[in-house]
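Chemist: Mind docking these for me? Both chains are given alone in their own frames, and the hints should help you get the complex.
Taken in sequence, the protein lines are chains A and B. With the first letter of the first sequence counted as 1, position 200 gets the number 200 in our numbering; the numbers rise by one all the way through. With the first letter of the second sequence counted as 1, position 310 gets the number 310 in our numbering; the numbers rise by one all the way through.
Calculated directly from the structure, the hints in this document are not laboratory data. All C-beta atoms in this analysis are idealised placements derived from N, C-alpha and C, irrespective of residue type, glycine included. A hint or two may mislead.
[Stated by the list, open to error] Non-contacting residues of chain A with respect to chain B, defined by C-beta distances greater than 10 Å in every case (computed):
{"id": "1", "residue": "Asn128"}
{"id": "2", "residue": "Asn142"}
{"id": "3", "residue": "Pro143"}
{"id": "4", "residue": "Pro168"}
{"id": "5", "residue": "Ala170"}
{"id": "6", "residue": "Ala178"}
{"id": "7", "residue": "Gln180"}
{"id": "8", "residue": "Thr182"}
{"id": "9", "residue": "Lys183"}
{"id": "10", "residue": "Lys185"}
{"id": "11", "residue": "Ser189"}
{"id": "12", "residue": "Ala198"}
[Unchecked claim] Short derived list, chain B residues pointing at chain A, Cβ under 8 Å:
{"id": "13", "residue": "Ala78"}
{"id": "14", "residue": "Thr80"}
{"id": "15", "residue": "Asn81"}
{"id": "16", "residue": "Gln106"}
{"id": "17", "residue": "Phe120"}
{"id": "18", "residue": "Ala129"}
{"id": "19", "residue": "Ala133"}
{"id": "20", "residue": "Asn136"}
{"id": "21", "residue": "Ser158"}
{"id": "22", "residue": "Phe299"}
{"id": "23", "residue": "Val335"}
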Amino acid sequence: MRNSPLPKKSPAQTHVHIHWILAATLLLLAAIGVFLALTEHRISSPSSLSHAAAPSAEKTDQQTGILPETTPANQPTGIPPSATGTPTLLPSTPQPTRFGVFPLTAGGPLPVPEGILHPTNIARLQINTTLISVYAGSMAQNPQAGILCVLRENLTTGQLTLQIYQSPRADGPLTILAIQQTKLKISDSKSVGYFDLATNTFQW
Amino acid sequence: MHLKRTSSFLVVLALALSIVVGRMLLPASATRAATTNTGTAKGRLQLLPRPMHPLHSSALLQTKAWSSVPTPTSLYEATTNARTMYAQGCNAAHGAPGLLILDWGQPVYVGYGQYGTYDFGGHDDSDTAILHAVANFAQGVWYCRTRSTNIALAIGESNYYSGNALPLTAAAWYADGQQWGRMVNAVQSFVVNNHYNTVIGIYGAGDLETGWENFTLTSSLVNGYNSVSSRIYFDFGDDAPGHWTNYQVWYVAYGARDNLPIPEIYFNADATYDWQVLNLWACSHAGGPMYIRGVMATFIGNTPAQAWSAMYRATASNACTARTLPWFTFSTYIV
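In isolation and in its complexed conformation, chain B is listed as follows (with noise of 0.2 Å):
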């Protein structure tokens, strides 16, 4: 009776033991449930490889203390060249943890059914030619990685239009979001692939700023992303007034399936005459509150600590806005 009694608990410890230990192996997403991507759902997302630190997360929420925000640096690229990329990949894998944008400028169509960028160091990069120039970032981030990196890397284009760079119709600019997309998607399994995604993880992201280009064309782009992705898409773009109706800025912002704004807070009445009222908009027309999860300085205005406390009084000065400050953890400076 001892023995059948000690085999039976020996059967099922190992049985447990096993489960445990096949689980600690396998991929999280593998035995994870799925969630859903719409409003609350992804504004709370977790977009990091790991969570930041607490010190980095809730604790600067009840401090307020902006010294606590990392603040990595996003570039303005100006060439795909990959000694040049797996360096600025070696760069920011030493830097602050947290979201930083590649921006690749203005989308052009290059030809044979391929789109690509017209980059600011006067390249014409296609799609594949910037998929291989992150790849290579993330490898620098990869080979330099230190305990604390931590990236969440979004590969932006922005909807600035020059010359004939692409055609002014919707069609094309759908398409060219379908295309970035698939880029984006691809990066994303090259660093999952080859087991980077501990230290970086890939992300959509356009410069969406409403003097460059109609709503027409700048939704047709998003809503062409997000045909194909389903990884968050960030605007890091204005709310400039006179251009759009707020539903429209709001649409490119958060309203299509995976779009997450990170607003250019270049001067303290962006967070407070223009996010904010949109996001008060978002309130009462929208369903609740857009989740701004960081804000973006750039070399002149604001300062990072600037812009993130001029966002965070603002969104904290109403009610309905002020629930989605436990998301707002993102800072970045652009150069």
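With the rest of the complex left out, here is chain A (with noise of 0.2 Å):
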């Protein structure tokens, strides 16, 4: 039996075999397209945050293109990335607030321009989870005319507003005086009066 002779093949069997072997070496040629791919594309991508990153050589929207790992961009979202289903949140170092009224020279930077405020100085305080910057002083366009810009972050949310409230009076620009639990005592060149943060109303 083993020195029997195999049976000849017809040429139609061969070139069957010769179509898988075709059919097989394409597969693994595009399989090893695939590969490649994704070796370069996980090199490249570490998910560590430092400092030291090199800066992108060139602004070519480098955002563009590289599909997420999880889902394609067209997909529903909302679905998170990590098996945890939690991001996993960069320390923030705690901070220590600069509470009270500060002379322009301290208190900080203005979130209104020059040609709207002309400051004269800036209260800090907090109420509940509000974090409230108020900044004191005249229209740019009409001295007379005393302001107070309130900026107000609520801590939980992360919302911000921020909000124009002119005195009733015509009398120059306001300077706030002191801090009295939710009210600003301030004063205009002729009176002292208060500012109410719970109400957003003055009272001369």
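Modeler: What follows is the structure, encoded as structure tokens:
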């Protein structure tokens, strides 16, 4: 039996066999292509945050074209990419807040351009979970119109509001004298009054 | 013969298939030719992670329809708290697509060779703290993303000065700009490495106001940034007359290597008498117009629609500046 000659394949059988080999080669090459692409992508994708990260070489809109690991960009989103389903927030250092009434030289940046507000001084306080910065002064276009610009940030939701309140009097720039719970003691060139941060009203 | 031809065809097909699949999976940046950063090229950069919906780009320019210009909210930051920042990012993900700026306030020197800002909540924030804060914002964007989330996020500080926040030397402002640029690079790397960059891209920004500090210090800040980062730097400041020359305002808004203007158009005069006049100056003295990519509105004066329309009309009023209008696509409202 061992020495018996093998049956000779017909040309049609040989043709079919070669087609199978070619098909397998095709699949192999495609798989190599996929493997190389994914390998290169992973090598370039550590997930750490580092100060030493090199600057991008060119401003070529580098954010385009990289597919997310979990879902294509056109898939329904809100699906967290991590296994746990929760983000790992980076640490934030505790921040001592400077509360009180400050001159311009110490109160920090202004969220209002000089074309709108001529500032006199600044107050900062917190009511419940809302951090409040108040910028007192007058309208740049009308120095007799006293105004308060109030920036509020809800520290829970992160939402900010910035509003401007004009004094009903026209006696010049406002100055903040003191913080009294939820009220600011203020003055203009002629009187002393209050601004209630709970109701956003002036009391002269 | 037939077999040989078939096998050759299949091999070629396989190679072509592997190349196509490979290109589809590789980052686009790895296969794209480098582009230059200067002049017209930077003015026409695609800055969002994905092109805007046609309704939000060229169509609006043909129809001049304000209603199709999305207006995300920019923020005067008052804390670096992780959960607050995450919540803000989550809000942004559900908001309008486009450019938004996180303004961290005035520059300060925090000691030991480190710079940072004095934020709007009364805190000194080191650049490292801001880096973590913006990374948390980006995580909020990613985890709350929707189909339409598409954000160019610029991390901004101002050229406002008070107290002894920062030495008044060009060297100190240059070093501050450098550290800011490295921080922007690091956040962008974080975004890319975590594959958030299909929904968010990171840039630098400055509320560079002519009345706040002089050109020497402000340009040092900008030059320091550009010396270490090639991410676009948006000037969202003003062009208030009487402080700087045209060249100086142009330089920090557009002339510096990676800078693009997003001017404050709080009143119509800001568009017609300040920025358009400057842009005409650029046409005749700086080799071409500035590509004003969008405008900023705030709680007083113009609404976002009014601000955008005012700048659009002013830019369209002259042939030299009008050719930049196809790239005038951003509007943001800061609060």
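Chemist: Pro168 of chain A: least C-beta distance to chain B exceeds 10 Å?
Modeler: Holds, because the least Cβ-Cβ distance between Pro168 of chain A and chain B comes to about 18 Å, which exceeds 10 Å.
Chemist: Would you check whether Val335 of chain B satisfies its interface hint, that is, whether its CB is within less than 8 Å of any CB in chain A?
Modeler: 5 Å, holds
Chemist: Taking the minimum C-beta separation from Ser189 of chain A to chain B, is that value above 10 Å?
Modeler: Non-interface label stands for Ser189 of chain A: nearest chain B Cβ at 23 Å, farther than 10 Å.
Chemist: Does the closest beta carbon of chain A sit nearer than 8 Å to the beta carbon of Ala133 of chain B?
Modeler: With Cβ-Cβ at 6 Å, under 8 Å, it holds.
Chemist: When you look at the beta carbon of Ala178 of chain A, is every beta carbon of chain B farther off than 10 Å?
Modeler: It holds; Ala178 of chain A is separated from chain B by about 17 Å at its closest Cβ, greater than 10 Å.
Chemist: Going by Cβ atoms only, is Ala129 of chain B closer than 8 Å to chain A?
Modeler: 5 Å, holds
Chemist: Against chain B, does Asn128 of chain A hold up as non-interface, every C-beta pair farther apart than 10 Å?
Modeler: 14 Å, holds
Chemist: According to the definition I'm using, a residue is off the interface if its beta carbon is farther than 10 Å from all beta carbons of the partner; does Thr182 of chain A meet that for chain B?
Modeler: 18 Å, holds
Chemist: Min Cβ distance, Phe299 of chain B to chain A: is it shorter than 8 Å?
Modeler: 5 Å, holds
Chemist: Should the interface hint for Ala78 of chain B be scored as holding, given a Cβ-Cβ cut-off of 8 Å against chain A?
Modeler: At about 4 Å, which falls below the 8 Å cut-off, the nearest Cβ of chain A leaves the hint on Ala78 of chain B intact, so it holds.
Chemist: Check the non-interface label on Lys185 of chain A: least C-beta distance to chain B beyond 10 Å or not.
Modeler: Non-interface label on Lys185 of chain A holds, nearest chain B Cβ at 19 Å vs cutoff 10 Å.
Chemist: Can we confirm that no CB of chain B comes within 10 Å of the CB of Pro143 of chain A?
Modeler: 16 Å, holds
Of the hints listed earlier, there is not a single one the structure fails to meet.
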